[in-house]
Amino acid sequence: MTLLERDREAPSAWKGSLPVTSRYTYGLAGERFFRALKDEGKILASYCPKCDHTYVPAVNFCERCLSELTEWQDAGLVGVLHTYTLLFVDFEGQPLDEPELIGFISFGDGGIIHKLDANPDELEIGMPMKAVLKPQKERSGSILDIRCFQPVNK
Amino acid sequence: MNKEVAIIGVGWSGFHPSTPEVSYKELMYAAAVRAYADAGVDPRRDIESFVTVAEDFIEGTSIFDEYVPDQLGAALKSVHTITGDGLHGLATAYMLIRTGVFDVVAVEGHSKASNIQTLDSIVGHAQDPVLNRPLRLNTHFVAGLEMQRYLHDSGSSLEQCAAVVVKNRHNALKNPLASYSANLTAEDVMQGPPLAWPLGRLETATPVDGSVVIVLASGRKAAELSDNPVWIAGMGWCNGSASLESREWSTLPYVEKAAQMAYRQAGIGDPWDEVDFAEIDDTYAYKELQSLEALGICAFGEAGELLMQGAFDPYGEFPVNASGGSLGVGHLLDATGLHRALEAVLQLRGEAGAHQIEDVHTGLVQSWRGVPTTSAAVAIFDNQEG
Ligand SMILES: [Zn+2]
Numbered sequence: 003m004t005l006l007e008r009d010r011e012a013p014s015a016w017k018g019s020l021p022v023t024s025r026y027t028y029g030l031a032g033e034r035f036f037r038a039l040k041d042e043g044k045i046l047a048s049y050c051p052k053c054d055h056t057y058v059p060a061v062n063f064c065e066r067c068l069s070e071l072t073e074w075q076d077a078g079l080v081g082v083l084h085t086y087t088l089l090f091v092d093f094e095g096q097p098l099d100e101p102e103l104i105g106f107i108s109f110g111d112g113g114i115i116h117k118l119d120a121n122p123d124e125l126e127i128g129m130p131m132k133a134v135l136k137p138q139k140e141r142s143g144s145i146l147d148i149r150c151f152q153p154v155n156k
Numbered sequence: 302m303n304k305e306v307a308i309i310g311v312g313w314s315g316f317h318p319s320t321p322e323v324s325y326k327e328l329m330y331a332a333a334v335r336a337y338a339d340a341g342v343d344p345r346r347d348i349e350s351f352v353t354v355a356e357d358f359i360e361g362t363s364i365f366d367e368y369v370p371d372q373l374g375a376a377l378k379s380v381h382t383i384t385g386d387g388l389h390g391l392a393t394a395y396m397l398i399r400t401g402v403f404d405v406v407a408v409e410g411h412s413k414a415s416n417i418q419t420l421d422s423i424v425g426h427a428q429d430p431v432l433n434r435p436l437r438l439n440t441h442f443v444a445g446l447e448m449q450r451y452l453h454d455s456g457s458s459l460e461q462c463a464a465v466v467v468k469n470r471h472n473a474l475k476n477p478l479a480s481y482s483a484n485l486t487a488e489d490v491m492q493g494p495p496l497a498w499p500l501g502r503l504e505t506a507t508p509v510d511g512s513v514v515i516v517l518a519s520g521r522k523a524a525e526l527s528d529n530p531v532w533i534a535g536m537g538w539c540n541g542s543a544s545l546e547s548r549e550w551s552t553l554p555y556v557e558k559a560a561q562m563a564y565r566q567a568g569i570g571d572p573w574d575e576v577d578f579a580e581i582d583d584t585y586a587y588k589e590l591q592s593l594e595a596l597g598i599c600a601f602g603e604a605g606e607l608l609m610q611g612a613f614d615p616y617g618e619f620p621v622n623a624s625g626g627s628l629g630v631g632h633l634l635d636a637t638g639l640h641r642a643l644e645a646v647l648q649l650r651g652e653a654g655a656h657q658i659e660d661v662h663t664g665l666v667q668s669w670r671g672v673p674t675t676s677a678a679v680a681i682f683d684n685q686e687g
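Chains A and B, in that order, are what the protein sequence lines are.
For the first sequence, my numbering gives the first residue as 3, with consecutive numbering after it.
For the second sequence, my numbering gives the first residue as 302, with consecutive numbering after it.
Each hint can be trusted.
List of simulated lysine-lysine pairs, PhoX-like, C-alpha gap at most 25 Å:
no. : chain 1 : residue 1 : chain 2 : residue 2
1   : B       : LYS326    : A       : LYS17
2   : B       : LYS558    : B       : LYS304
3   : B       : LYS558    : A       : LYS52
4   : A       : LYS136    : A       : LYS156
5   : A       : LYS132    : A       : LYS156
For the record, the hints were derived by calculation from the structure and aren't laboratory data.
Next up, chain A with everything else stripped away, as it sits in the complex (with noise of 0.2 Å):
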């Protein structure tokens, strides 16, 4: 892309890195998500009246009137295909290779993102998704208990 290469004489540098670990807390709300879809395989959604405002995955407030949200539901495992793409690199930005098909999947007003299992060519925005769970014991309550999601009829 360009003519200017490294200077071969230029001072030699120092390597070193930034090695990082945290916990990250759930939360209240992230807990009950997360326990729903582990023990009951369940997406749960929670619903301002104030804002006519359904929030998937299901948080404890609401972000537009900051009300205290405590009425839960049941989202269902079927969504909407909102938005796709075909992802050629991998998490440090090295070729991948086989590209991953990542998708939005609306609930609600709200959705997840995840893998997609699916021909790229028979996607289409608007399309019916359903989430495909790993089995009840294998799950840990995480995002990864989904595996991914596939078209409906697939």
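Place chain B with the ligand on chain A using the hints.
Using the frame of chain A, we list chain B with the ligand on its own:
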């Protein structure tokens, strides 16, 4: 017209894909010395406060703000670092002057991207740790999802997105600061390697190293120090819902709000008529079209067609990224907004050289912090000659 705060000096160092000879401190020093000379100020005597923008993980150093004073002449002075785009830094410096406490303030941003060995991982750690990061997806996926939905809703085409790359990298041929100038065709861009389809690798800006320093002064002090002040007529900034689960995917409401805030201050009703040129976000090619619509330069879904008609060319009705933008110049990470501000100042002073646009009085600058953020800032500059 707002004549409270002016830009009285600009300086830069870089911009190169790699700068192995110098440290980030030396990059900052070189830009600062140039800006202070341009403003005609002695930093130790005249500059009262300093603002820098930096992100610890990008720098690879915790509490990075501790490392900024020395090379700017800011030791034992009022100084602070914010995590934001350069335009957020400019907004902070602008407000410091508007408090009435300070008359001369400097703002700095830099990129030492060539030193970062794991940029994609650093960006990846900006994803929600519970909902998104466990999927281990390269963060470009957010741009792929957004582009796909934007094309679907706006009716913009892949050809129009590719034409943004062709325009900006061609514009960069006339900009000596640009690293990625090229004569390409839309076919070249569309046949390039995919990144997050429909987004291609050639539609994605490549990082460069560099530093930008801008010196601001109160109206009173600017009258004393400068014979070519560029006035900050308006500044706005806004964040949307950062969560991927509750954001908008085809429109940029946070850019719209930031622009409205800046337009209100600058007294701008119709930016197409009242602004002469813009330097705006083109981190990904589709963002230029999407941002133009959010900025109210044209209606939703119109930017692609106007682009194809040449409206946004350097000699068009509303030149956009005449500098080459981030696609042509390279992306300066946190300093990107300051790079666009620098370009606007040079244009408004008539010092943009081969890519100077004729007869310009008002310029618009807009910036976005990149995936996965919903963080934008907008500035309106004016040379008061109009
Ligand atoms: Zn509400």
